[in-house]
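Fit chains B, C and D to the given chain A structure using the hints.
Letter by letter, the chains look like this.
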Amino acid sequence: MGNALRLENVTMQFGGVVSVNNLSLEVPEKKIIALIGPNGAGKTTAFNCITGVYQPTNGLIEFMGKPIVRNHPTGKAAKSYKGQNEDKYKNEAVLSPTPDEITGMGIARTFQNIRLWKSMTVFENVLIAKHQHAKQTVFSAVFRGNLAEEKRMRDETMALLEEQGLDIYKDELAVSLPYGLQRRLEIARALATKPKLLLLDEPAAGMNPQETIELADFVRQIRKKYDLTVFLIEHHMDLVMNISDYIYVIDFGSEIARGIPEEVQNNKHVIEAYLGVAEEAENE
Amino acid sequence: MKQKKKSFSAVIGISVLLLFVILLENISALIPGLPQVFQPTSPLFTVLKKAAVYSLVAVSMNLLNGFTGLFSLGQAGFMLLGAYTYAILMVPADQKEQVYYLFGGCAFDSSLMDVLGKLFGTSGAGGAVSMILSCLIALILAGCVAGVFAYLIGIPVLRLKSDYLAIATLGFAEILRAIFQWQKLGKVTNGANMIKGFPTFSSFNITNSSGQIVLRLSTFVPFLIVSLCIVLIVLLINSSYGRAFKSVRDDEVAAEAMGINLFRHKMLSFVISSFFAGVGGALFAMYVANAQAKAFTSVMTYEILLIVVIGGIGSVSGSVLATFLYVACSEWWLRFLDSEQYIGGFKVPLLRNGFRMVIFSIVIMVIVLFFSQGIMGSNEINIGALLNRFKKKERKQ
Amino acid sequence: MEYVISVLLSGISVGGQYALIAIGYTLVYGILRLINFAHGDVFMVAGLMGIYFTATLPISVSLPLVIILTVLLGFTIERAAYKPLREAPRMSVMISAIGVSYLLQNTATYVTGGQPMTYPDIPFLSSTVNVAGTHTKWVVIITPFLVLVLVFALTQLINHTKVGMAMRAVSKDFETSMLMGIRIDRVISATFVIGSALAAIGSILFFTNYPAITPTAGAMPGLKAFVAAVFGGIGSIPGAVIGAFLIGICETIIKGLPSSWDVSVFSDAFTFALLIIILVFKPQGLFGEAATDKV
Amino acid sequence: MKKITAIMMATVLAFGMTACGAAGGSGAAGGSGDTIKIGVFEPSTGDSASGGKKEILGMQYANTETPTVEVGGKTYKIELVMADNGSSADKAPSAASELVGKDVSLVLGSYGSGVSMAGGPKFEEAGLAAIGVTCTNPNVTAGNDYYFRICFLDNFQADVLANFAMDKFSAKKAYCLGENGNEYDQGLVAFFKQVFEAAGGEVIADSFPTNNSDFTSYLNKAKSEGADVIFTPVSIAYAKQIMEQANSLNIDIPFLGSDTLDDNMVLEATKGTNLKLYVSTFYQEGGSEAFDKGIKDYINSDSNAMTANGGNDTISAVTAMGYDAYYVALEAIKAAGSGDKAAIKAAIPNVKYDGVSGSIAFDAVGDAVRDTAYIKTADTASGTWAFEKVQTGSGNK
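So the sequence lines, in the order shown, correspond to chains A, B, C and D. When we follow our numbering, the leftmost residue of the first sequence carries the number 1, and every step to the right adds one. When we follow our numbering, the leftmost residue of the second sequence carries the number 1, and every step to the right adds one. When we follow our numbering, the leftmost residue of the third sequence carries the number 1, and every step to the right adds one. When we follow our numbering, the leftmost residue of the fourth sequence carries the number 1, and every step to the right adds one.
So here's chain A without its partners, still in its complex pose (with noise of 0.2 Å):
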């Protein structure tokens, strides 16, 4: 099977600050993969410029074996550019998507300080999810001209929310959750997208090590059941290498190690740039 996801020399530098520096890496299909790293290694913002939020000054991103982002630094950015193979993309045209566009693609992630529209039910947090598919003008939407479809995308959002064990809370305001059910309904918001990959912040930040444990079930699970590609990043070591089919770790923006769980829990470069600060985060 292909990969799902394919970085190639993705830089991201903002003003004089290297946030991501030249990295490559790939997510084959069906697997779940890690990104790890010490805090401000540049891993959310890599998953920024996957999804469209920023704009990598160079390098290219292919998602299916298609290539949906591609920049070059140019004109001030040019000048002030610090990264690698700054010319190799120079003759290619530029692709830069906007956040829904990737979404529209099939790439559906969550947040790591979770962002759940706040003044409304669980149920219609979900159910805005599934507007980008629906098959509606404002017209008809205004006119009701197509009941059909509203109640398509009822039934399917109240089926996500059963799966998910969610339903009983539909009519609860989405902050009123506790904090682990908000991840959870976060994870539900992105499914309900219809994703073909799952990109995950921190998905277990905050949880005591039952629900990390928990977690880490609920994601084999749906990986499985929505047939989704799953890339995460994540603190938690226990919880990525318990679920991990392969892990990237990087720090200061560039990659230090890639590996089997196993090959990247005894790297040396890990364990002096990374593990250390990752036992501080688990004792807090």
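If you are wondering where the hints come from, they were derived from the structure by calculation, not from laboratory data. Keep in mind that this is a model prediction, so the values were computed, not measured. Check the hints yourself; a few may be wrong.
Estimated spans, in silico, between C-beta atoms of each pair [said to hold, decoys possible]:
| no. | chain 1 | residue 1 | chain 2 | residue 2 | range |
| --- | --- | --- | --- | --- | --- |
| 1 | A | E162 | B | I12 | 32 to 40 Å |
| 2 | A | L95 | C | K162 | 22 to 30 Å |
| 3 | C | S127 | D | D363 | 47 to 55 Å |
| 4 | C | R33 | B | P156 | 18 to 26 Å |
| 5 | B | P156 | C | I68 | 38 to 46 Å |
| 6 | B | S15 | A | L95 | 50 to 58 Å |
By construction, the Cβ of each residue, glycine as well, lies at the ideal position given by its N, Cα and C atoms.
Chains B, C and D only, in chain A's frame:
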């Protein structure tokens, strides 16, 4: 099931309201000797008409500010576009010479009504048809012109964030006003002069052959049009698109990540809101019986914004309720503060011209500071629920 | 030539007066992220106070009194209308500002009876002078220099005093400053005090030059000063000053264009068009810092 | 719960107020036994408040002078009912219906044409006659059978001033400055241009945006273009500003002003300067000694009246016009033989009255038949108006 019941009771509620308005308007003809308030010339009806018009504009602003979270202050500008579109299209050909007296006539020498008049006739039932039809077409066109301009303006400004968007839209409204007042465009806009002579709400009163009014519809018509528009806005808000607007308001980043095209949805909301502001502007022109750019200042936008806030940002029924209270207070109930009053032999101090507006602005400040949620918060009046409550009470008794 | 000089002169003086108001906007916006719509009206009230005080008191007493009371007004507005809404959404605060502006204008209408009031002659400032063949008031000549002096003093204050440092910290990061033990309320009050004092001085200069005051006299200068602040990059004092001078000069040049073009009516519209262009192409203004959203 | 309480309060307030309004309305209707009410439709807030208040002053003085009218052997007390139209077209209709609701017999006002045009349809609908005092736009009375006026029209005034400019200064080049979007300013400028250019002169027309305060560019432009006269038919606040700035620029070109400039605020600005200001107006102080003395005593005895007049006792022409309007109203009531509004409306066209501002009669459209205007000049040394001449229009040459 629940949804159906809700919409059913809403339809009933609105029909009852409209019937009530017709009745109220004609009650003085049915029962003689009623107090002055019920006479057709009483301020009650003026206030009702103005409030109806303003409530549409307030709801349209709420759609943008309250439901989509776009802080726009361009409402007066879009009203201006609507008012002028309606006015320019509707001034009858034989009045143009008089109205555009400074410019020796208008650039267009015919009007919508004249065109339709040729089709349906100009008197009797044919005249009525051509009048009503041309009014409707002009209203829709008024909205469309405002909508198209909103689209053009939106391309650059909708990328701006909160306050910047507010100040940019405010600026656009001011620019529009300056353009419409420009004497060089006088052949079209009548420059600084007002355009008048077009059909107003009173034109909808049904008269008999000797010119006497048989059935008054001058308050009913704005109510009808406005309720229709507000129903459409509510339907939009409760549709998939409305939910998408709300998600943009709550969290843009999350909305975008969930596949909602920010720009497209903001633009949609902006254009739709402006469309209804344009219709509102045309109705406003019908209410004041003229169109003049001078009226559409930023003060007007602020007034509407205050109404939205008083009613509750994110509540349609709140906006409507607040409009009626606001207009009635500022234009009717508080007027006594403007003239000297005596209680017994005692002259109440401070009361003189201008005092009304001072009190009024203090009231507004109190509401903004202490009831920052407004009258309704983000809740809606639910007619069905109200009815149920009544039923329960009855049962208890 | 004479004509060109006179246009430039009035442009510079208008710009200087906008600058003094614009600083108030830019300081407040820098810290509270609030467009203080009432600022222009505070400016108008300062003008009215000038009229009422000079009617009974000598100028040497009344002008300082105007500045003190304007400062007090600015302080009170902040405490009464903005402070209670510190936790509320930004839109509510802005609406509160609009409400204050409404209140000030209506009260002014009530007090003055809607009459245009005449600002008194201030010795020296009001007397005329002949510059290169054009007559003008001394105030026109003095304004730009006074502005530069005040701006210099202000930058010293902001860069070298404790309050100034706190102000800079708060404008960079509101929450963190709070956590670092900076007394936010004091800093905000200080901002309003400085802004109002400058508005009061601005009002003395402005109304000496344009002596008729109506209740809406503050609205337009206020809005333009805000545009100037945005133009220069909100939060940046030199930016606001340069923006104000640019807008003042552009505006008078447009007004001074030949009548046959009939474009002078667009002098205000031009200001707004400029604002929109700046916002679209360089949202952070000429000297502002670009803000990035954290995701 | 809080929400519900708020709604309840609002509803109670609404109903309470409606009841109040109702009670007030009916009370007024009942009390009309020996009182006749005259509505005063004037701005006391907004841009034209200053002029509006001075006009009211004339009416109030006339009312204290002649508080009763004898009709059919019975003495009726005259009561003035004020309604503030806020100088804006959107507030005017409700102010108009406020008057209609108070059951007045006829209406006087307004200062400013825009508000008169916006309020006019309300009066027409109610069958209530209105006598415009100083609304000079042709469109006020045209197309409205119920609007009359006792002042001359814009085109007449512009005509007079253009002739004066050519007669007195042999002017060849005139610089005209008006506010953008103000129909009064722009109308006068346009008519002035017509007459002046027809007589072989050259006109440079310019406009400034609303709320402008810097006029130095415009004045310098006039100077550098070599204008012989500067025509500034602007409202009081702008006129004052222009005079002050012209003084500091040492402009020695004569200024021509319309009736709005006949105001003691403007006069004050010219005191002690070298400015030459000529205004056309309805009334010249000294025209009627009895009136002059009476109104001065009235102003000096009442602090409110003093404030309304701008703090001194110089008589504005609008005050004299307000005074005359009151007496025209009394004549109309006498001619009608009752306080009935329809009878009064029918009587007005035939009313003839010799007022302090000249003799007043109405033509077929409802406009006053006037063929002369007073031109007066500001005596800068003493700060008073000096009579210049009586000027007729080109039609009388």
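Legend entry - Satisfaction of the hinted span 50 to 58 Å by the C-beta atoms belonging to S15/B and L95/A: Once the Cβ atoms are compared, 55 Å apart, the range 50 to 58 Å for L95/A and S15/B holds.
Legend entry - Assessment of proposed distance window 22 to 30 Å (beta carbons of L95/A, K162/C): 51 Å, violated
Legend entry - Supplied distance hint 38 to 46 Å, evaluated on CB atoms of P156/B and I68/C: 44 Å, holds
Inset, instruction - Mind checking the hinted window 47 to 55 Å against the Cβ distance between S127/C and D363/D? - result: About 52 Å separates the Cβ atoms of S127/C and D363/D, which means 47 to 55 Å holds.
Legend entry - Beta-carbon spacing of R33/C to P156/B - inside the hinted bounds 18 to 26 Å or not: 22 Å, holds
Legend entry - Range hint compliance [Cβ, E162/A to I12/B, 32 to 40 Å]: 35 Å, holds
When the structure is compared with the earlier hints, a violation turns up for hint 2 alone.
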